[in-house]
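Peer 1: With the hints as extra help, turn the sequences into a complete structure.
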Amino acid sequence: MTNSVPTPSISQQRVAASLKRRYAAEMRFRAYGIAAIAVGLMFVAFLFTSIISKGYSSFEQTFIALDVDYAADTIDPEGKRDHDTLANADYQAVIKASLRTQFPDVEGRASLRHLYGMISNSAEQVLRDRVLANPKLIGTHATVWLLADDHVDTFFKGQIDRKLSEADRPISDEEIAWVDALKAQKRAELRFNPAFFTSGDSREPEQAGVAGALAGSALTLLITLLLSFPIGVAAAIYLEEFAPRNVWTDIIEVNINNLAAVPSIVFGLLGLAMFIQFFGLPRSSPMVGGLVLSLMTLPTIIIAGRASLKAVPPSIREAAFGMGASRMQMVAHHVLPLALPGMLTGTIIGMARALGESAPLLMIGMVAFIVDVPHGLSDPSTVLPVQIYLWARSPERAFVERTSGAIMVLLGFLLVMNAVAVILRNRFERRW
Amino acid sequence: MSIEKHLHSVSMARSVSFNEADHSPPGDPVDTKTVGQVTVASPVISARHVNVHYGDKHAIKDVSIDVAKNSVIAFIGPSGCGKSTFLRCLNRMNDTIANAKVTGSITLDGADIYDRSQDIVQLRARVGMVFQKPNPFPKSIFENVAYGPKIHGLAGSRADLDDIVHSSLQKAGLWDEVKDRLDNPGTGLSGGQQQRLCIARAIAVDPEVILMDEPCSALDPIATAKVEDLIDELRENYAIVIVTHSMQQAARVSQRTAYFHLGDLIEVGPTEQIFTNPGHKLTEDYITGRFG
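Keeping their order, the protein sequence lines are chains X and L.
Reading the first sequence from the start, the letters are residues 1 to 432 in the numbering used here.
Reading the second sequence from the start, the letters are residues 1001 to 1292 in the numbering used here.
Note that these hints are calculated values from the structure, not bench results.
Predicted model, so just to flag it, every value in this text is computed and none were measured.
Ideal Cβ placement from N, Cα and C applies to all residues, glycine included.
Just to be clear, a hint being listed does not mean it is correct.
[Said to hold, decoys possible] Distance condition first, Cα-Cα at most 30 Å in a straight line; then the derived DSS-like pairs of lysine-lysine:
1) LYS310(X) - LYS1139(L)
2) LYS1226(L) - LYS1069(L)
3) LYS1133(L) - LYS310(X)
4) LYS186(X) - LYS136(X)
5) LYS54(X) - LYS186(X)
6) LYS1150(L) - LYS310(X)
7) LYS183(X) - LYS96(X)
8) LYS1226(L) - LYS310(X)
9) LYS1101(L) - LYS1139(L)
10) LYS1069(L) - LYS310(X)
[As the list claims (entries may be wrong)] Simulated restraints, written as ranges between beta carbons of each label pair:
11) ILE251(X) - SER1217(L): 35 to 43 Å
12) TRP248(X) - ASP1232(L): 50 to 58 Å
13) GLN12(X) - SER1217(L): 34 to 42 Å
Peer 2: Here is the structure:
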């Protein structure tokens, strides 16, 4: 055998010749795939870097330490100490006095107005709450950290170039001098800003928070989930397992597929006409928002549900029927457990889309400026994407970071929602 | 059980519908009238003039046959001859196929199973089925066997259920192999074990008839031998209808054999007679391997 090397036949030579080409094609395809993923990751990285670098500062605000004199003759000159007096007292005056004590050299109406404008007008609320909680404070001195106004905050965070001429920046030279002085005395610093997560929208950027939009989104999505998941799953099961195959079910199927492709703003118009104008449900409410988003999400869930029911092997159905299971038992005991992971995937996709939806909600009035955090399904509210839109078009420089901050909250919401769904899905996942 | 042993052990009952003197079968290849012994003394299932249409396709043509108690009847024939279709008529599994239409009468203990008053759930509890490909539920071994008794409410207590599962697995010859892992998934067993699990599942509801649609076609020879032995044992308590592609298997396990050809029931009779002295030309051609 050693001296008789067998010559490969013609076909073997051809196979050998084609191998190189085939492997090259495979390598090329792999390279395309890796390149596509790399580009995708690059964009994701870019997006996240951009949003986080702009948005992280919204979680911090500039606070200024003031030596507050809870002067009795300003707050409660008559010494009654009752609730009404304390609640209606002029805390603005207390703050102004404190500021004047801090900067005794400031004179002139314009300069004083600038000085008073350094502190957010939410500060008087802070003092009022403290005094109401503890009236014994009256007549004492205390150092209180108060929220700075947004233009001070923006400057403090380095988002305003101090080299610009005074006319081109929203903060004046004397204010810059005061901020520098406060900073030098360690009386101004960046602190975590819980109000961003606990308060609703505000015209004052330093007081604006996402709590209202977050609660609105949560309530709206709760309604959407509670309506669209059971209805969608039930519709998918009925159409796939129970309904006869005839012209009517064909028409229904075509219509469901078409509904999935209808632009979402059309659902908003439908919701406006039907839920608000015809049924008279409260506008701007999470209830109507949830109904509209349910209409939008249902086709997605039904289509995904039917696909996952179709994917259950027919042998399982036959086995169940062969055992004498009724159709309902066959579905509930065998088919549904196997199809549920797929249905949950469809629901995740639908809900994620609903969470990011703003257009249909504009139609039903959820774009209104709403300060209060909604506590019920009929309270007026807005949702995160609409809040982002509202802030993005606001002129104040300080709303830029809020916009990115709200986007981070929205992405976080999405992540939490998907994580829960994935955990649920894995729990239901079975192999056969 | 070997075919020889089988052929000698069973009495040579002869059919009445063909001429014994004529050595070569008289059946005309185009004459598809059933020859042989359609009826039995104590039938559990009697099918008369059954026709099945799938849309335009005439899948079963005027088939009449009896299934005897405590015996195994094998349906043989080339692929697409309608034997599985006919089998599935016996517990109305064809109901799930949208455009299938069954006419004629099939009676179980004298009652028409296609009658309006026949409950399909009850029918399937009385006529169990084992499929070609082992199809255990994606649940534990215990749950697989317990499913039927549970949905039909056969077990009064947990102890009853345990007993039913135990005895069913024992009857199916699977108990010793799985008794320590009843909580493991049924899908984790080997192919042969899965098929015996499906048989255990079918007998757990205590049916009268068990239909088996090529139960060994996905199994290796050793697993096949075990299932065949099992079928022979089950004959003591159940009537069994088995569809098979293997003529050897038909010869090994069945007492009666029916030969189907293109939707017609060509011949039915005692197994040894079908294999040694077929009454129809088509049967002879098939069992001698001239086509199939």
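Peer 1: So which of the earlier hints does this model not fit?
Peer 2: Hints 8, 9, 10 contradicted; others consistent.
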